[in-house]
Amino acid sequence: MRIDESVEVTVPPETVWHYLEDPENYLHFMAGLTHWEVAGDRANGLGARYRILLQVGAAEVGGLIEMVEWNEPFDIAWHAITGVEHRGRWRIRPLPEGCTRIEFRWAYAFPGSGVPGLVTELAASIPVRRQMRETLRRLQYRLEQLNARSPAGPAG
Amino acid sequence: MIGEAIPAAAFRYLGERIGAGSSGSLEDRDPDFIRQNLPLLWLLATFYFRAQVRDLARVPADRPVLLVGNHSGGNVIVDTFVFSLAFSTHFGVERPFHQLAHNLAMGWPLAGSMLRRSGTLSASHDHAEKALAAGAPVLVYPGGDWETHRPSWHGNKIEFGGRKGFIKLALDAGVPIVPVVSIGGQETALFLSRGHRLAKALRLDRTARLKVLPISLGLPWGINIGDFAGHFPLPAKITIQVLPPIDVVERFGADPDVEEVYDFVTDQMQMALDGLAAERRFPVIG
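Here the protein sequences come in this chain order: Y and G.
Note that my numbering numbers the first sequence so that position 14 is 448, with each residue one more than the last.
Note that my numbering numbers the second sequence so that position 151 is 309, with each residue one more than the last.
It cannot be assumed that every hint is accurate.
As the list claims (entries may be wrong) - So, partial list: chain Y residues that the calculated Cβ filter (under 8 Å) puts toward chain G:
1. Ala477
2. Glu494
3. Ile515
4. Gly546
5. Pro550
6. Ala557
Please keep in mind that the hints were generated in silico from the structure rather than gathered at the bench.
Idealized CB from N, CA, C, for every residue including glycine.
Next up, chain Y with everything else stripped away, as it sits in the complex (with noise of 0.2 Å):
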């Protein structure tokens, strides 16, 4: 199941990627984050991985992640390593007049568990997009609030 939500800011692709590429934001404006560590020596950049946990309906999911694409300032990828088998992305693109479209991506799967697993795919979409959502709208938020107590003003 792949599920694609996003949005657009009033703000810069540079200042939404220095934002994105902060581990210490993530619990600020990820609903139903309930944990993000860094896990090893590289607090971010390709190869950096963190230890995460999203709460989705009745459980806590997620394990040990890897960023696996570090492409400044467009995009940032990662795969699981432990825990539900997942990729994610946040995709940054400018926009006319100082703007930027953030798209949040998220796959996942669960190979082996037959029709049940099918289901919960499924299943599991209505409180994972809704989640994404809400994510979105709160970055949209912290960023658009940080430009405009930046020195430079509001962008555009």
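Knowing the structure of chain Y, use the given hints to seat chain G on it.
Just chain G now, with coordinates in the frame of chain Y:
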């Protein structure tokens, strides 16, 4: 004659199943099997039982602990499945985790195999000690069949029946006790009586090592005596609260009074259960 022979044969069969259910092999646990079953458990826990597991992060991530729970739901122990799901998704199926179960559950051909692959061991001090020594958290239900078959109107009471073996287990293994309190399981059917006097009158304690012969109203049977084949659980909301770890030696000294420890643990659990009960407005709905 036939009327007497059939129950006698049935109870003899139960006795054989109980004898066959003894299993203490840690290596039977199969993380891939557990992972494959998580989606179905998640589906049931989320949409059917609207389950919540709170403060699982209180379980130390880097050392063995003795998880001590209150047991509910007759032989359909929904809260155990909910907790196992939460534990496996929180810590990952890679972290060893074992639960103790009655020999009868372990003795059924299909269910017993599934339980063993899920990490369940037949209830014994030695099995638990072996798992703790191997570094795995172990979940025990001191109340066992006495508590899980208590009447539904005792649903909000901790009833370990004076069983204190878990304290000796924690002391022998040198691990903290982490109480796990759940509510809702006793609303999955209408439990009427443990039937412990009936079990004694039928000498089940001798022929089948059963101290109770519970009587309940449950789907699809209507009147359900024994709950041997389980029941279809009502969609009761399940809430589980993990309490802070209790280091018995640190709190009560190197040679603690077991009665005092027992009272402390059960009091802590009862207070938490009272809090969970106060949050509920209706039976089943929660």
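Taking the hints in turn, this is what the structure says about them:
no., hint, in the structure
1, Ala477, "21 Å, violated"
2, Glu494, "5 Å, holds"
3, Ile515, "10 Å, violated"
4, Gly546, "5 Å, holds"
5, Pro550, "4 Å, holds"
6, Ala557, "6 Å, holds"
In this structure, the hints that do not hold are numbers 1 and 3, in rising order.
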